[in-house]
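There are 2 protein chains.
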Amino acid sequence: VEPIRSADNPKIKELRALLQDAGARRTSGLWVAEGVRLAEEAASSGLEIVRVFVSDDWEGERKEALLARLSSCDAEIVWVKRGILREISDTRQPQGIAVVLRAPMWNWAELSSRSGPVLVLDRLQDPGNVGTLARSLAAAGGAGLVLAPETADPGNPKALRASAGALFRLPVVRSESLAEARKTLACSFYTTAGRGGRAPEDLPLDEKFALVLGQEGLGVGRGWSEGVDGIVTIPMETGVESLNVATAGGVILFEAARQRRASLR
Amino acid sequence: VEPIRSADNPKIKELRALLQDAGARRTSGLWVAEGVRLAEEAASSGLEIVRVFVSDDWEGERKEALLARLSSCDAEIVWVKRGILREISDTRQPQGIAVVLRAPMWNWAELSSRSGPVLVLDRLQDPGNVGTLARSLAAAGGAGLVLAPETADPGNPKALRASAGALFRLPVVRSESLAEARKTLACSFYTTAGRGGRAPEDLPLDEKFALVLGQEGLGVGRGWSEGVDGIVTIPMETGVESLNVATAGGVILFEAARQRRASLR
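Residue numbers (the working numbering), protein chains in the order written: chain A, 1 to 265; chain B, 1 to 265.
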């Protein structure tokens, strides 16, 4: 079979839409995993692999093993001419493979039945931060994520890449209101503030909790902070206003993991 | 004075070079702070402001105060036509102001005389990670940074932006060898590994230390890890390979800050 040469090919057009347009991902229920490492994570995730695009000039040491594994999933393998994936990807150096997969669908029961902390993301517009937080949450033994409105789409290619595959495995639910999330999760809810809250080590983070994080600059909206059980303030040097939100979330999640280890000693 | 209309203007060409080319930054000793927040940080840093580029369509509530402040620094104000800054910047939405400033020069004595942890970055090629780590270090009360070869230029616009101005204030020195850094800093040196090391809370991080971090995937080179005083492993869930390097650094730096607080209680 000849490789696809044109970006006007319908399959390439669909791939481009899935990479660039959250609406296309929502309508189709499909995500794209770009690059070798993320493709490997997709193959291991148990999610349905629909189609695999491979650039005809791609040479990588893990290529043969990965293609054999993806073929065994009954996925369609589509060869494309060199340059096509680069043209439609926003990564500087796409690695010659892009996997279209069925996005996971999660419900509240799947989230609430898991142990460990929950992250609630309010208006977190940078997909890189959403992905990095998911990666940290998976590493720190978290349960999953709740996405408030105006938060970046977890299927955004930058989010998936930053998550290193964690978004394939962690339950993610969307919610319109704190009340809904509180009713379902039945644990303590905390949010962060630059001042006036308690240091992470002074809160009982070894118990199940949900942490509401907001966009830097914007903070957490009132609808997602009023009536929470406590405010976390990471103590910082005088003159420093704030931390990167993914760093702040990581610091609190791993402080919780430290407290759980300490309680087992 | 008419605003500059052409990207071929010599001042615009110089600005573009400073934004895009580490060699041009090194030769001239100049950096560029893009956007309102970073320009404000530059104005507060005490560093010499050389020139200020302002887009003639820029309207922001902090504009007048910022321009008054920058004018009082004897900086040349250069007006440019709308679109020029967007054309040469790699940010999606440049905010209409770019400040050229004299890059700080630091020596080992300035770094070693400060209290708090030191970060040593080995082959950390993503400027965003370098900047985010500098921001976390400043917030966690760190002394400064040592850059091993092949680490991203701290004057890279992405590094400056991610640092939220921390790179204007924190001592940064370059070093060719771990031996040089150890001799000058005279503290414990730790590095990180995905397994086999000690949990952060089991190391005496309330004492002065230096933490060597390497690129994800590559890790820390042998020249920068052999003979260190200890290895830190952040305990992670089974099946998770690694953390984002900026998150890992933040977790360890804030665990050190927690230990310092605990030792004062």
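Since the hints were made in silico from the structure, they are not lab data. One should not assume that every hint holds.
Distance ranges between label pairs, derived from CB positions [to be verified]:
(1) 193/A to 45/B: 24 to 34 Å
(2) 217/B to 202/A: 45 to 55 Å
(3) 5/A to 91/B: 27 to 37 Å
(4) 110/A to 109/B: 52 to 62 Å
(5) 177/A to 223/B: 47 to 57 Å
(6) 239/B to 199/A: 28 to 38 Å
(7) 77/A to 46/B: 52 to 62 Å
(8) 114/B to 265/A: 28 to 38 Å
(9) 72/A to 230/B: 39 to 49 Å
(10) 91/B to 59/A: 25 to 35 Å
So, partial list: chain A residues that the calculated Cβ filter (under 7 Å) puts toward chain B [said to hold, decoys possible]:
(11) 12
(12) 111
(13) 141
(14) 201
Okay, derived cross-link-like pairs now, EDC-like style, lysine to aspartate or glutamate, Cα gap no bigger than 20 Å in a straight line [to be verified]:
(15) 208/A to 216/B
(16) 158/A to 40/A
(17) 183/A to 201/A
(18) 158/B to 40/A
(19) 183/B to 201/B
(20) 158/A to 126/B
(21) 158/A to 216/B
A virtual CB, placed ideally from N, CA and C, is assigned to each residue, including glycine.
Evaluated hints:
no. : hint                       : result
1   : 193/A to 45/B: 24 to 34 Å  : holds, 26 Å
2   : 217/B to 202/A: 45 to 55 Å : violated, 37 Å
3   : 5/A to 91/B: 27 to 37 Å    : holds, 34 Å
4   : 110/A to 109/B: 52 to 62 Å : holds, 57 Å
5   : 177/A to 223/B: 47 to 57 Å : holds, 54 Å
6   : 239/B to 199/A: 28 to 38 Å : holds, 31 Å
7   : 77/A to 46/B: 52 to 62 Å   : holds, 59 Å
8   : 114/B to 265/A: 28 to 38 Å : holds, 34 Å
9   : 72/A to 230/B: 39 to 49 Å  : holds, 44 Å
10  : 91/B to 59/A: 25 to 35 Å   : holds, 34 Å
11  : 12                         : violated, 24 Å
12  : 111                        : violated, 17 Å
13  : 141                        : holds, 5 Å
14  : 201                        : holds, 5 Å
15  : 208/A to 216/B             : violated, 30 Å
16  : 158/A to 40/A              : holds, 17 Å
17  : 183/A to 201/A             : violated, 26 Å
18  : 158/B to 40/A              : violated, 29 Å
19  : 183/B to 201/B             : violated, 26 Å
20  : 158/A to 126/B             : holds, 15 Å
21  : 158/A to 216/B             : holds, 17 Å
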